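Chains A and B are the protein sequences, given in the same order. Start counting the first sequence at 1; every next residue gets the next number (this note's numbering). Start counting the second sequence at 410; every next residue gets the next number (this note's numbering).
Please keep in mind that the hints were generated in silico from the structure rather than gathered at the bench. Since this is a predicted model, take the numbers as computed values, not measurements. For every residue, glycine included, the Cβ atom is placed at its ideal position computed from N, Cα and C. Be aware that one or more of the hints could be misleading.
With a Cα cut of at most 27 Å, we get these calculated DSSO-like pairs of lysine-lysine [said to hold, decoys possible]: (1) B:K466 - A:K268; (2) A:K268 - B:K459; (3) B:K459 - A:K131; (4) B:K454 - A:K193; (5) B:K415 - A:K268; (6) B:K454 - A:K268.
Part of the chain B face toward chain A, derived, beta carbon under 8 Å [to be verified]: (7) V413; (8) L416; (9) L432; (10) E433; (11) E441; (12) K459; (13) L465; (14) L470; (15) G477; (16) F483; (17) E485.
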Amino acid sequence: MPHTHYFTVSQVTNYIKELFEIDLVLQDLWVEGEVSNYSRSAAGHVYFTLKDKAASIRCVMWRSVAERQAYLPSNGEAVIAHGRISIYEVQGTYQLYIDAIQPAGLGILYLQFEALKKRLEAEGLFAPERKRLLPPFPRCLGVVTSPTGAVIRDILHVLGRRYPLVEVILAPTLVQGDEAPQQIVAAIEALNKHTDAEAIIVARGGGSLEELWAFNDERVARAIHSSRLPVISGIGHETDFTIADFVADVRAPTPSAAAEIAVPDQGKLRETVDLHCNRLVALMGRQITERHSALEAQQRALGRLSPQAKIASCRQRIDELTRSASASLAHQLALQQERLRGRLLRLQSLSPFATLDRGYSITRHLRTGEIVKSVAQVAAGDPIETQVSDGKFDSTVDWTARPLFAEGL
Amino acid sequence: MSEVEKLSFEEAFKELEGTVHRLEGGGLTLDESIALFERGMRLAKHCGQKLDEAELKVSQLVSSDRGGYETIPFEEKEVSG
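Extracted from the complex, chain B is given alone in its bound form (with noise of 0.2 Å):
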């Protein structure tokens, strides 16, 4: 199991869903329980942590001189109305 701390949300907040179901499903040692519970708690912090923390971020993409294409920050122009 990787560090809590460098999931991206998605594999947060899936790992924290079958955590829950890992506990329901029962058949577990009382350490494996806690073990479970502490990170599930761990899981559920980091994805809202996450959520807090993240910003939009929006380029654009536009065709280089080169005939490819490449990605530039977006600004968004002032639009009347």
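Here chain A stands alone, though its shape is the one from the complex (with noise of 0.2 Å):
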């Protein structure tokens, strides 16, 4: 029975690809399998098959996704690759297009984790230059968890024990399972918004990879990456590693990890209290200290202008001037004497004593005293005293006579 209307080859085949990429499940998949046949054409293209017990999908992995990847498997390996389902038009099959690949040991959260690192780290959500410093004295923490177990109880431990003057606001959230991601978004969106906190710590206990996944989602990490407070993690274990810690400004090994980073040590604040106080003390002292001896150093100083020293060098002064003066005096007087003494030596000689010696005479008058120059002042019969060299002796003038000629002598 001869048909009204038929399709060609390539509409067929045109339709079913189109059935296959309007699919969401085929155009974003990962599928686990093991390699077989697998090839590298000249060109660099790569084709396999993935198979298991029942089945096997031709899978193939263009040159330029192949030489980004850090894995290329070989055949017998279990692999886990992720891609999209596709119509191969030339030969009417389907195949799986791959870009990305991973051996299948790691898991597929692992390669979840592993692109989602890698893109959040492309866009610089971890870039250093961007962490922030924690406030050293936190007046208020924010904290994202579970407000139930261990972890809030183990962080309010810490805290209190550390740095009680720190108001804690716990913002309650699950912490696992599908609902746990918009929760925690919401609690450090609210935190920044209507609170005073002034850090954020988010935190989970240790837990399988599975149930770490919250602070492994994009959400999460963009609320943390878009928080205007800094924000610590402290998630799981000190071996794990979560997204979250990654864009986190400070990654804490653990919960309570988180809190002993948040807040300043009150032992060593009071430590750091003491040593400011001694120093005080010391300086003061110090400086009292050197006071003192600047005012002993003045005292002295003062001592040494004062009259009192003035008065006694005064009186040394005049000591010296004294006995100096009565030096010079006696020399003086020393020198006068010897003077006088030559003088007199020089008297001598002119003394008409002097004259005695050599044979001359004095003659005085006995009753007037005078000394007889001239005949006329004697008579015949006057007492006279004649003086010569070693004595005297008395006379009685006999006669007096003028020698005629003595006025022509």
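Both chains are sitting in their own frames, so use the hints and assemble them into the complex.
Encoded structure:
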């Protein structure tokens, strides 16, 4: 029976292809299987088949994709591949067009984690230069975690022990399950917008990769990234790393460690206060000692300038002057005495008594006491005294005569 | 300068640090030094008191009926283990 309408092969093939391409599952899926028939063309494209016990799918990885992969499989290996399913029209087959591939042992969550990490890192969400400093003395801290359980208890215990001055605002959320990421995002936003919190701790206790999964959610990562307040992450155990850890301003290995990082330790603060106190006492003591010695120096200087000292020094000077003056006087005296002696000697040589030695004598009238220089002074019978060099004798004038020629002499 | 008793721990702590630095810097009259010293000692005492008296305050953020948020006291629930 002839049909009035028919399709060409290409039309059917295109129709099937369109059906594949509008299917959301087929356009974005992870497939696990074992690799066989692995080959690489001269152009660099990679072809293989993924199979399990019951089925197989042809796979293609273009050169541009293959070059980006850190890992390329070989036959017999179990892998997980990501890509889309479409039709290869020429052969009428469907194929998996792969854009990422990893060994299957790592699990699909790991692959998603690596893919998101790579993407956000490339976007700059982990950049060290956008990490913010934490407030050194936070007055108020926001905590995003479950309101029940050991985590909030540990955090409050640590905060209370280290820095009870801080005020804590808990923004309670689920920390695992499908609802968790949205709640964590809302909590971070609410703490930013509606509280006085100065920093936020995002915390969760240890768990499996699946249990920690909310913290590998892109929405959570972006909420931490756009938080005005710095975020400290404390998720899982020391060995767990989540995307939230990479975006956070500070990553703490555990929730308790996050609380320790968030606030200063009052023990250390008290020590510092004590040190400052001791320093103040020491500085003040030093100042006072310094002023004291300065005062003493001034007193000594004052002592040197006081009139008493001046008087003492004047006294000494007078003493010295007196001594030198009397010495000088004695000297002068001796000099004068010497000079006097000289004069005396000269006087003696001029004295009339000296002529007596040479045989002259001096005659005195005994009654008048006059020295007889003229015959007229005496008359016969007058007592006279004659002085010679070694004594004197008395005599009486017998007569007097005046030489005739006396005037002619 | 505000009254020491009214300062927060952080303010008192920072001022104490500054006071030590100023005294270390020197160039002060004796009266200034003594005033700084006395204030520094009061600041130190105040810091200690603030820590002694502090008690961790914990509240909980909840969404209110009007679509906003409000804080209520946080009661830690007993958890086994």
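**Request:** Sort out which numbered hints this structure fails and list those numbers smallest first.
**Result:** Of the numbered hints, 3, 4, 7, 8 and 11 do not hold.
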